[in-house]
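**Q** Given the structure of chain H, go ahead and fit chain W onto it with the hints provided.
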Amino acid sequence: MDTIRAAAIILRKEVRAEMRTRELLQTTVTFVIIVVVLFSFAFEPSAAEARRYGPGLLWIALLFAGSLMLNPSFAKEQSNDTIYALRMAPVSLFSIYLGKVLANLLFLALTEVVLLPVFAVLYNVSLWPVLGRLILVLFLGTFGMAVTGTVFSAVAMQARMREVLLPLLLLPVSVPLLISSVEATAELFTDAPVLDRTWLAVLVAFDIVFFVAAWLLSDYLLEE
Amino acid sequence: MKRRTLTTVILAGLFFFAGYAVFFIAPDEATMHAIQRIFYFHASSGWAAMEGTGIVFFANVAYLWKRQPKWDWLAVSAVEVSLAFWSVVLVTGPIWAHPVWGVWWAWDWRLTLTLILWVLYVAYLILRTLIDDFERRASSSAIFGVFVFLGVPLDYLSIRIWRTQHPQPVLFDGPDSGLAPTMAKVFFFCSALMTFLMIVLVVQRYRLERLKHEAEETRLVLEERAETEYRNREVERRTALGG
Numbered sequence: 001m002d003t004i005r006a007a008a009i010i011l012r013k014e015v016r017a018e019m020r021t022r023e024l025l026q027t028t029v030t031f032v033i034i035v036v037v038l039f040s041f042a043f044e045p046s047a048a049e050a051r052r053y054g055p056g057l058l059w060i061a062l063l064f065a066g067s068l069m070l071n072p073s074f075a076k077e078q079s080n081d082t083i084y085a086l087r088m089a090p091v092s093l094f095s096i097y098l099g100k101v102l103a104n105l106l107f108l109a110l111t112e113v114v115l116l117p118v119f120a121v122l123y124n125v126s127l128w129p130v131l132g133r134l135i136l137v138l139f140l141g142t143f144g145m146a147v148t149g150t151v152f153s154a155v156a157m158q159a160r161m162r163e164v165l166l167p168l169l170l171l172p173v174s175v176p177l178l179i180s181s182v183e184a185t186a187e188l189f190t191d192a193p194v195l196d197r198t199w200l201a202v203l204v205a206f207d208i209v210f211f212v213a214a215w216l217l218s219d220y221l222l223e224e
Numbered sequence: 225m226k227r228r229t230l231t232t233v234i235l236a237g238l239f240f241f242a243g244y245a246v247f248f249i250a251p252d253e254a255t256m257h258a259i260q261r262i263f264y265f266h267a268s269s270g271w272a273a274m275e276g277t278g279i280v281f282f283a284n285v286a287y288l289w290k291r292q293p294k295w296d297w298l299a300v301s302a303v304e305v306s307l308a309f310w311s312v313v314l315v316t317g318p319i320w321a322h323p324v325w326g327v328w329w330a331w332d333w334r335l336t337l338t339l340i341l342w343v344l345y346v347a348y349l350i351l352r353t354l355i356d357d358f359e360r361r362a363s364s365s366a367i368f369g370v371f372v373f374l375g376v377p378l379d380y381l382s383i384r385i386w387r388t389q390h391p392q393p394v395l396f397d398g399p400d401s402g403l404a405p406t407m408a409k410v411f412f413f414c415s416a417l418m419t420f421l422m423i424v425l426v427v428q429r430y431r432l433e434r435l436k437h438e439a440e441e442t443r444l445v446l447e448e449r450a451e452t453e454y455r456n457r458e459v460e461r462r463t464a465l466g467g
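Chains as they are written, first to last, in the numbering used here: chain H, 1 to 224; chain W, 225 to 467.
Simulated from the structure, these hints should not be mistaken for lab results. Just so we're clear, the structure is a prediction, and the values are computed from it rather than from any experiment. There's no promise every hint is true.
[Stated by the list, open to error] Just a sample of chain H residues kept apart from chain W, beta carbon distances all over 10 Å, derived:
| hint | residue |
| --- | --- |
| 1 | 25 |
| 2 | 52 |
| 3 | 76 |
| 4 | 125 |
| 5 | 173 |
| 6 | 176 |
| 7 | 179 |
[Claimed, not checked] Chain H regions said to be covered by chain W (calculated; three or more residues, Cβ under 8 Å):
| hint | stretch |
| --- | --- |
| 8 | 91-104 |
| 9 | 143-156 |
| 10 | 184-196 |
We put the beta carbon where it would ideally sit given N, CA and C, even for glycine.
Chain H on its own, in the form it takes in the complex (with noise of 0.2 Å):
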């Protein structure tokens, strides 16, 4: 219970932190745009085509975003030095971590609800009639990824050139994740959407395994 206290005051001071400047959301918005506008150039894709390339398209814009968004969530408690000051704080390293991971989640789920009306209306794919069923994708997608590069952005926080490093880690990681909710959502955009039982349940186990690996080693992954 003190965890979820912990991490909820985290949480907050994210989001307070992340409203005063709006940075971080602003570029990711205008980056994940950018990307899925440029995809469509250098593929030109017809309506059949967007619909076949459409969901890698989405996943890779949302990986590399989630690249470059996860890696100030410690590498600016790192320039700061406030990364001291949480360490001192009277809470589970664990739940510092945790409320880092909520904090990433909403700001990938804010990227995704701009982009998601953007992507259907370039892609010509109607979300509506699965729309449910979509965001249960992206969700499981995004935690996972928010739950890794979390991680992940601590890993980098004290290395040189961090920026570069984070998708270097981050994207061979997130090959399971990559091909479950590609193929997951593929299925969504079919002319009979189905969700697909066997691709959710990688993403579950994705999720899982990761968070549990993080719990355990959050100890180490935050000391000094």
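**A** Then chain W, alone, in the frame of chain H:
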């Protein structure tokens, strides 16, 4: 020194024999002929690489648990050696695949998984070069290593499902469908030899890492000593001038 020379000589001798066995003792494969003989080195390197990967995971967990530098030395040694063996697998694979399958590369789960692991180990080594502080580097790379290892079953699962849902290119039956007895003997010999080589390389690399660590510590001590000496001399000079 002597022991290492002896090991090198023995290894070289065994490799000469392995080369002989692969080309002259193992029988000709019915459909693939000569190119199949690369399998003895390809698959045995794969075994050695997998064993090395196991050592990496073990060393990563041991470091996080015990916090002794030696586990970090072991981890980095095993990563580098495994990466070398994975590279052998990735290079010999396409050489074999091209004449047999007609393509250099197919997104089969084994190939894909090997490639992902190779990329992850390269990332692991890059991560290490970018963190200067020893403890920070050791624990960061250990955490990343654990995540890499935990990801392997998920990678396997997702690629396996992904590929079976798509049409598979029709491949040959594969050596999995049973080896002729002589082939099996040669293969097991090669696998044991590669494992031996892998262990020798890890041990040597570990020794190098330990020496590097010791050299670094000696350097720090010497630097400190030189600095104290310089300061003392400066004080002496000033008192001499002042007096």
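**Q** Taking 8 Å as the Cβ threshold, is the statement that the stretch 184-196 of chain H is covered by chain W upheld or broken by the three-residue rule?
**A** Three-residue rule not met by the stretch 184-196 of chain H, so violated; n is 0.
**Q** If you look at each residue in the stretch 143-156 of chain H, do at least three have a Cβ nearer than 8 Å to any Cβ of chain W?
**A** Per the Cβ count (5), the hint holds.
**Q** Would you say residue 76 of chain H is clear of chain W, with no C-beta pair closer than or equal to 10 Å?
**A** 18 Å, holds
**Q** Confirm or reject: residue 125 of chain H is not an interface residue toward chain W, with every Cβ-Cβ distance exceeding 10 Å.
**A** Non-interface label stands for residue 125 of chain H: nearest chain W Cβ at 21 Å, farther than 10 Å.
**Q** Against chain W, does residue 176 of chain H keep a CB gap of more than 10 Å to every residue?
**A** 4 Å, violated
**Q** Check the non-interface label on residue 25 of chain H: least C-beta distance to chain W beyond 10 Å or not.
**A** 27 Å, holds
**Q** Verify that the Cβ of residue 52 of chain H lies farther than 10 Å from every Cβ atom of chain W, and report whether the claim holds or is violated.
**A** Consistent with the label, residue 52 of chain H stays out of reach of chain W, its closest Cβ about 13 Å off (over 10 Å).
**Q** Quick one: work out the minimum CB distance from residue 179 of chain H to chain W and report holds if it exceeds 10 Å, violated otherwise.
**A** Answer for residue 179 of chain H: violated, closest chain W Cβ roughly 4 Å.
**Q** For the stretch 91-104 of chain H, do at least 3 residues have a Cβ located nearer than 8 Å to some Cβ of chain W?
**A** violated (count 0)
**Q** Confirm or reject the statement that residue 173 of chain H sits farther than 10 Å, beta carbon to beta carbon, from all of chain W.
**A** Given that some Cβ of chain W is not farther than 10 Å from that of residue 173 of chain H, nearest at about 5 Å, it is violated.
Comparing the model with each earlier hint shows violations of hints 5, 6, 7, 8, 10; every other hint is respected.
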